[in-house]
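Colleague: Chain order of the listed sequences is P and W.
Residue numbers are given in the numbering used here: position 60 of the first sequence equals residue 60, and the series is strictly consecutive.
Residue numbers are given in the numbering used here: position 69 of the second sequence equals residue 69, and the series is strictly consecutive.
By construction, these hints were calculated from the structure, which means they are not laboratory data.
For glycine and all other residues, C-beta sits at the position ideal for the given N, C-alpha and C.
Do not take every clue at face value.
As the list claims (entries may be wrong) - Derived CB-CB ranges, DEER-like:
1) 20/W / 37/P: 51 to 61 Å
2) 65/W / 85/P: 39 to 49 Å
3) 20/W / 145/P: 32 to 42 Å
4) 71/P / 69/W: 46 to 56 Å
5) 71/W / 77/P: 34 to 44 Å
6) 147/P / 65/W: 21 to 31 Å
7) 69/W / 44/P: 44 to 54 Å
8) 66/W / 145/P: 42 to 52 Å
9) 82/P / 74/W: 32 to 42 Å
10) 74/W / 79/P: 37 to 47 Å
11) 33/P / 62/W: 37 to 47 Å
12) 79/P / 20/W: 16 to 26 Å
13) 27/W / 77/P: 21 to 31 Å
Unchecked claim - Taking beta-carbon pairs under 8 Å as the criterion, some of the chain P residues facing chain W (in silico):
14) 10
15) 30
16) 59
17) 64
18) 67
19) 88
20) 91
21) 135
22) 149
23) 150
24) 152
25) 154
If you want the building blocks of each chain, they are given just below.
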Amino acid sequence: MFIELINLISAWAIPCLLFVIPLTGYLRGVKVYETFVAGAEDGFYTAVKIIPFLVGMLVAIGVFRASGAMDLLVLFIEPITGLLRIPPDILPLAIMRPLSGGGALGLAAEIINTHGPDSFLGRLASVAQGSTDTTFYVLTVYFGSVGIIKYRYALHLGLIADITSLMAAIFITRLVFG
Amino acid sequence: MVNLVWLFLLLSGIVVAGINGNINIVTTAALSSAQRAVTIALELIGIMALWLGLLKIAEEAGMVRLLARIMRPFTSFLFPSVPKDHPVMGAILMNLSANILGLGNAATPFGLKTMQGLQSLNSNPDEASDAMCTFLALNTSCITLIPATIIGVRAAAGSQNPSEIVGATIFATGVAMTVAIVADRLLRARFGRDSRR
Chain P
1 MFIELINLIS AWAIPCLLFV IPLTGYLRGV KVYETFVAGA EDGFYTAVKI IPFLVGMLVA
61 IGVFRASGAM DLLVLFIEPI TGLLRIPPDI LPLAIMRPLS GGGALGLAAE IINTHGPDSF
121 LGRLASVAQG STDTTFYVLT VYFGSVGIIK YRYALHLGLI ADITSLMAAI FITRLVFG
Chain W
1 MVNLVWLFLL LSGIVVAGIN GNINIVTTAA LSSAQRAVTI ALELIGIMAL WLGLLKIAEE
61 AGMVRLLARI MRPFTSFLFP SVPKDHPVMG AILMNLSANI LGLGNAATPF GLKTMQGLQS
121 LNSNPDEASD AMCTFLALNT SCITLIPATI IGVRAAAGSQ NPSEIVGATI FATGVAMTVA
181 IVADRLLRAR FGRDSRR
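Generate coordinates for the entire structure from the input sequences, incorporating the hints supplied.
Modeller: Okay, here's the thing in structure tokens:
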């Protein structure tokens with residue numbers, strides 16, 4: 001029942017938005033097609049802008065995996081990740097996620113391409129990447145903009161949220177796709 | 001920190017390959033990964049263009065404002081230290097609405113405006129106020145409706161159903177946001193300073 005609901009949302013979310021957004025735009029007097037094209041232009045630049053991040057991360061993790069270093073790391077941390085039931089392959093992504101958005105996207109893309117987008121790890125990397133944020137970056141930019149030096153408990157909160165997202169991602173991916 | 005993780009992945013990979021007597025694999029892996037990165041990015045263009053085009057319509061149609069109006073009742077609960085009709089409430093709502101819709105570029109200006117507004121209510125300008133901590137917790141744990149980039153990466157990798165992860169993402173971000181709100185209340189009590197607003 002719950003799993004069906006989640007799948008229903010996945011299937012309907014994009015068709016609904018494709019229906020609702022242009023219709024609302026039209027009713028509100030927006031020139032829908034021209035506005036769409038103007039926005040779509042940014043898609044090109046956005047995709048090109050992430051190339052350096054992807055190259056950097058895919059090369060590093062590609063070498064790390066091909067050399068056998070990934071297998072060593074997995075062997076080494078198995079006792080800890082096994083206890084928390086975190087798949088070890090996801091660990092570099094989990095560490096990178098709060099630090100660098102582009103870097104994490106590179107790691108997620110590597111997992112998705114290596115294990116396949118419809119494998120358990122590919123799906124988990126997708127959900128984990130989609131549901132967490134670049135906490136350190138956001139904190140630095142927002143606090144920096146008004147000259148706050150002491151963050152008090154803001155960093156704790158951000159990291160609690162990131163860890164929760166990761167655990168929730170693992171839980172829900174196992175439940176829905178496991 | 002990013003630098004260290006990157007350096008560790010790269011260098012330890014090369015060292016392990018050397019020890020294993022398999023140094024050739026380093027060159028092969030590095031070159032093929034670099035090429036694959038570009039292929040992924042190029043295949044992303046179509047989906048990013050579709051999504052950003054759609055978001056542009058949403059933005060022009062005032063849907064951020066619409067969503068902000070729906071969420072208004074929750075803000076006084078979340079930000080008890082901010083006067084109810086203070087203009088910063090508007091910026092907070094616009095920022096969160098833009099975040100939910102995935103409008104990163106639209107969210108940032110409202111976020112910076114929020115920080116300025118909250119700073120004007122802050123009694124100690126060096127230190128984060130309660131409301132700032134709450135705002136950043138909401139900002140980083142915000143519900144994500146459509147993770148467009150990752151859907152694009154999945155499509156580029158040949159997924160049978162690139163958007164099948166949408167429901168799971170909404171669930172995971174919903175849980176994270178709930179936990180962040182609860183944790184904020186608990187930490188505020190622990191780190192509490194009564195004089196602060």
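Colleague: Now tell me if each hint is right for this structure.
Modeller: How the hints compare with the structure:
One distance hint, 51 to 61 Å for the beta-carbon pair residue 20/W and residue 37/P, holds here, with the actual separation near 52 Å. About 42 Å separates the C-beta atoms of residue 65/W and residue 85/P, a value consistent with the hinted range of 39 to 49 Å. Remark: the range hint 32 to 42 Å for residue 20/W to residue 145/P is contradicted by a beta-carbon distance near 48 Å. For the pair residue 71/P and residue 69/W, the supplied restraint of 46 to 56 Å holds, since their beta-carbon distance comes to about 53 Å.
A hinted range of 34 to 44 Å holds for the C-beta pair residue 71/W and residue 77/P, which are about 40 Å apart. Look at residue 147/P against residue 65/W: about 30 Å separates their beta carbons, and that is inside 21 to 31 Å. Between residue 69/W and residue 44/P the CB atoms are about 33 Å apart, so this pair departs from the stated range of 44 to 54 Å. At roughly 27 Å, the beta carbons of residue 66/W and residue 145/P sit outside the given window of 42 to 52 Å.
A beta carbon spacing of about 39 Å between residue 82/P and residue 74/W agrees with the range 32 to 42 Å that was offered as a hint. The hinted window of 37 to 47 Å between residue 74/W and residue 79/P holds, with their beta carbons roughly 42 Å apart. Checked against the given bound of 37 to 47 Å, the beta carbons of residue 33/P and residue 62/W, roughly 18 Å apart, lie outside it. As the Cβ distance of residue 79/P to residue 20/W is approximately 23 Å, the hint placing it in 16 to 26 Å holds.
Against the hinted window of 21 to 31 Å, the Cβ-Cβ separation of residue 27/W and residue 77/P comes to about 28 Å, which satisfies the hint. Satisfaction of the interface hint for residue 10/P is found here, the shortest Cβ-Cβ separation to chain W being roughly 4 Å, below the 8 Å cut-off. This hint holds: residue 30/P has a C-beta 5 Å from the nearest C-beta of chain W, less than the 8 Å allowed. Nearest Cβ of chain W to the Cβ of residue 59/P: about 5 Å, under the 8 Å cut. The hint holds.
A hinted interface residue such as residue 64/P counts as satisfied when its beta carbon comes closer than 8 Å to some beta carbon of chain W; here the least separation is about 4 Å, so the hint holds. For the restraint placing residue 67/P at the interface with chain W, the shortest Cβ-Cβ distance is roughly 4 Å, inside the 8 Å limit, so the hint holds. Interface hint at residue 88/P: violated, since its Cβ lies 14 Å from the closest Cβ of chain W, which is beyond the 8 Å cut-off. Given hint, residue 91/P at the interface with chain W, is violated; its Cβ is 11 Å from that chain's nearest Cβ, farther than 8 Å.
About 5 Å separates the beta-carbon of residue 135/P from the nearest beta-carbon of chain W, less than 8 Å, and the hint is met. Using the Cβ-Cβ criterion of 8 Å, the hint placing residue 149/P at the interface with chain W is satisfied: the shortest such distance is roughly 5 Å. Interface restraint check for residue 150/P: the shortest CB-CB distance to chain W comes to about 4 Å, inside 8 Å, so the restraint holds. Taken as an interface hint, residue 152/P checks out: its beta carbon lies about 5 Å from the nearest beta carbon of chain W, inside 8 Å.
A distance limit of 8 Å between C-beta atoms decides the matter here; for residue 154/P the minimum to chain W is near 4 Å, and the interface restraint holds.
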